[in-house]
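Undergrad: In order, the protein sequence lines correspond to chains V and X. Going by this note's numbering, the first sequence opens with residue 433, and the numbers climb by one from there. Going by this note's numbering, the second sequence opens with residue 94, and the numbers climb by one from there.
If you are wondering where the hints come from, they were derived from the structure by calculation, not from laboratory data. Where hints are given, some of them may not hold.
[To be verified] Derived, one-sided and incomplete: chain X residues facing chain V with beta-carbon distance under 7 Å:
| # | residue |
| --- | --- |
| 1 | Phe171 |
| 2 | Val177 |
| 3 | Leu202 |
| 4 | Met206 |
| 5 | Leu209 |
| 6 | Leu214 |
| 7 | Val218 |
No residue lacks a Cβ here, since even glycine has one placed at the ideal position from N, Cα and C.
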Amino acid sequence: MPESRRLRARLVPEEHLDIGWIVLILLLGADAGGYVNWANQHIFSYSDKTANFCGGFVLAASAVRYYEFRSKNIRLDLVFIFALAFASLGGVLHELWQNWDYVYLKPDLLPFMLTDTLTDLISVLAGGALAGLYYAVWRPHKLNLKQH
Amino acid sequence: MPDKIYLFLTALLILILATHALALGGFLSYGIWWLDLVLHFAGGTWLGVFVFWYLFRHKNYQVGILPASLLVVGLISFAMFAGVLWEFFEFSWDYFAGPYGAILAQRSLQDTMSDLLFDFLGALVAAVFLFALEFRVLKRY
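Pulled out of the complex, with its shape left as it was, chain X reads as follows (with noise of 0.2 Å):
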């Protein structure tokens, strides 16, 4: 049976591709000047589990052999590799397919840094909430 992270990484991913998809599509709409945010905060958190859990869980890496200090921001930079990762495709998706009339990503400057203010938010919260999971399991034994 596949442990909680996993199916929690699961029901997230699926929450924000669904939120991103309808907000796209016009169901929602992205004028919602938080819902952006939102996605943004769930999405350094994902990112944040997601290497936890390909980590210690996939790949079977025993938490101990990295300092708790380093679990914290391991995770927390892992997580704005991906969100930096993410504004550059957002900036190329502008350059290529936005003179041939696709809807923009990047708004403006503000949007970009709130983008990633927000990634790192939601990457501080799953990495601390994880090092205190963790840490509560590894004084247990």
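Same shape as in the complex, but just chain V (with noise of 0.2 Å):
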């Protein structure tokens, strides 16, 4: 293994995919305990946009790892759109359903919610195009594709 592999490798650990795992569940308590006044969510504001970069990251990585073992034979370009273009539908669909919830529960928060929606959205892909640079870039030989 060449020595820029080993240490990428070394600051790359497989592990962060668990990681991700689990500060996505943390976060994803903490904004529940927004919800129900459990935590003050002026506190936890942060925590939504960090979710939703995690939610991208795992989506996308979750995605890329399914199609490993489906096809090798796909250029490591895109493997990338492929990540960031799941963590889109992922933000999308997420977004709706939030954006539903707020209409009929909070429609006085409705005026403040575009410039949210669309931060949310960029954290979605920020963690998607994350896990499309780990596959693509640092880590291809995970996914054992055929090299173009």
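If you follow the hints, you should be able to join the two separate chains into one complex; please do so.
TA: Following this line, the structure appears as structure tokens:
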């Protein structure tokens, strides 16, 4: 294994996927706590974006890993775009559900929600981009793809 | 001779752009509440078909390299990615050009959400149709 690859393997261990899941579950717990006033939502406002980021990362990484054993013949730049695309789909479906919720439960907050929704989507895409970079640039050997 | 999918993409793109231009120019009006929804539905369909054409006609990947479920989810995902980028563009347009009197692109959160929903529905129709088409072709061989 070349030195650069060994260094990258040390910097971005496979366990980070599991860490992504754990952080996501913790943040979702905090988010749920905010909903039922167990926690102050203002304190956890950054947790919302971080949860979106982790959600995008975990969703995209899981989709790419699922794809790994189904096909071995795809370009790495397409893997990156696949990751972004999967994160987008998850993010949009989540925002559609969340904002539907706001229309009925918290209509007074609606005027402020457009920026929130778009920053949520940016966070999700950033998470998906990181997952795409992880597999397409840092650890392509994990996918065992045929190299083009 | 260009294939049918290419012709469909060209015709639909011209229709979408022409309608959008007419609406912005005041000949049609975005005051027709459903026009925006129809254009986003058509846009979602166009994106789904475009990705299919690009991967399997232009780049000549074999459809069989993808599991069927991934074909449908993948096409919708690519369309949603482009849809989200479009909404980012609209937000940037309003942010930077809005103060100078430009027509606002995003009227409200409901507008953005309905745009994304109809992008999704358009892409879903395209993906299911293309899946059925290709599945029939694959089954024949």
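Undergrad: Now, for every hint given, state plainly whether the structure supports it.
TA: For each hint, the structure was consulted:
1. Phe171: For Phe171 (chain X), the interface hint holds, since the closest Cβ of chain V sits about 5 Å away, which is under 7 Å.
2. Val177: Hint holds; Val177 (chain X) Cβ to chain V Cβ min 5 Å, cut 7 Å.
3. Leu202: Constraint on Leu202 (chain X) satisfied, holds at 4 Å.
4. Met206: Because about 5 Å separates Met206 (chain X) from the closest Cβ in chain V, which is inside the 7 Å limit, the hint holds.
5. Leu209: holds (5 Å)
6. Leu214: This interface hint is violated because 11 Å lies over the 7 Å limit.
7. Val218: Status violated, d = 15 Å.
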